[in-house]
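Trainee: Note that the protein sequences, when read in sequence, are chains B and R. Residues in the first sequence are numbered from 1 upward in steps of one, following this note's numbering. Residues in the second sequence are numbered from 1001 upward in steps of one, following this note's numbering.
If you are wondering where the hints come from, they were derived from the structure by calculation, not from laboratory data. Cβ coordinates follow ideal geometry from the N, Cα and C atoms, glycine included. Don't take each hint at face value.
Restraint ranges, calculated between C-beta atoms of paired labels, are given here [unchecked claim]:
(1) R:T1029 to B:D42: 19 to 27 Å
(2) R:G1091 to B:E29: 21 to 29 Å
(3) B:G85 to R:T1029: 22 to 30 Å
(4) B:T22 to R:A1036: 51 to 59 Å
According to the in silico footprint, chain B covers these stretches of chain R (three or more CB under 8 Å from chain B) [as the list claims (entries may be wrong)]:
(5) 1031-1043
(6) 1091-1098
In case you want the letters, here they are:
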Amino acid sequence: MRLAAVLLAVAFWSRDARAQLTVSGTPAELTVGAATAGAAPDAVSNSSTSYKITPLPAGNYALTAAIDSPMPAGVTLTVTLAADGTASSSGPVALTTTPNNVVTGITKKTTGNLPITYTVTATPAAGVVPVQTRVVTFTIVSTP
Amino acid sequence: MKKSAFVTIGALVALAAVNTASAQSATQTVTFQVTAINQVAVTGTPSLVINAAAAGSAPTSVTSSGNTWSVTTNQTGASITASIPTAMPAGVTLSANLTAPAGATSTGLTALGTTAVNVVTGITKLNASGLALSYQLDATAAAGVVTSSTRVVTYTITGGV
Chain B
1 MRLAAVLLAV
11 AFWSRDARAQ
21 LTVSGTPAEL
31 TVGAATAGAA
41 PDAVSNSSTS
51 YKITPLPAGN
61 YALTAAIDSP
71 MPAGVTLTVT
81 LAADGTASSS
91 GPVALTTTPN
101 NVVTGITKKT
111 TGNLPITYTV
121 TATPAAGVVP
131 VQTRVVTFTI
141 VSTP
Chain R
1001 MKKSAFVTIG
1011 ALVALAAVNT
1021 ASAQSATQTV
1031 TFQVTAINQV
1041 AVTGTPSLVI
1051 NAAAAGSAPT
1061 SVTSSGNTWS
1071 VTTNQTGASI
1081 TASIPTAMPA
1091 GVTLSANLTA
1101 PAGATSTGLT
1111 ALGTTAVNVV
1121 TGITKLNASG
1131 LALSYQLDAT
1141 AAAGVVTSST
1151 RVVTYTITGG
1161 V
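All chains, please: the whole structure from these sequences, using the hints.
Mentor: Right, dumping it as structure tokens:
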């Protein structure tokens, strides 16, 4: 019985130590539809959403991002996540199906609501691209 | 319940808690599209004066320089047309010559009228700037003396597919 109690206590301790990554909102549709004659199409951005991390056990962490399928040829989706404390933002990161760091050096246990900026760029060669979606997955990973 | 059952249950709960304590993830859905884009622009304000001739020949044509045009399209087979709002005086011809961007075709020196005419065709998925644009003014002897006047040349890009 005592052993069971100890095991249950360990279980509850582990559950309370899980980091919670929360992203708020869904960005409005990003439509590339204008250009200055002679230049590539104008990029479009959205910064209406944010993320928050609470709470982290002691240690170093990074935040990665990936999309569920490749972007159309000539179209690039980049994401920029703000960082606070001692963490560093990787700046604009082009999203692919391979997770890439978007924030590194996260040691702060809890962050505030930090902005996420998405930007879509397209070359003329991309042509007309119909409306479509990509699911962006953000993941907290422990780092050495 | 036997003590061993409690131990087993406790162990299973602990293992489950540890396994779900690994990487935490969250998702967002991003929606996007690229619509048809067709833009054309020109630079320069040319001035053309015919005032010379070789004896026995028609007046000497004059050509402008230093004008340029730029284009962006993300479609296939776009074209540029040009027109003027009112006809040129009798015996006087204004022509435009646009250098084509890569893969497109220029119609060369093309006389301008009130009906839009192609000046560049087959423009496909590109952006190009600073392309040469020249005007030529021709006059027959019968045109006589023509006082200074202006024509606004309108260039229009028609998107492809």
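Trainee: It remains to establish, for every hint, whether it holds in the given structure.
Mentor: Hint check:
no., hint, verdict
1, R:T1029 to B:D42: 19 to 27 Å, "23 Å, holds"
2, R:G1091 to B:E29: 21 to 29 Å, "57 Å, violated"
3, B:G85 to R:T1029: 22 to 30 Å, "28 Å, holds"
4, B:T22 to R:A1036: 51 to 59 Å, "38 Å, violated"
5, 1031-1043, "holds (count 10)"
6, 1091-1098, "violated (count 0)"
When the structure is compared with the earlier hints, violations turn up for hints 2, 4 and 6 and for no others.
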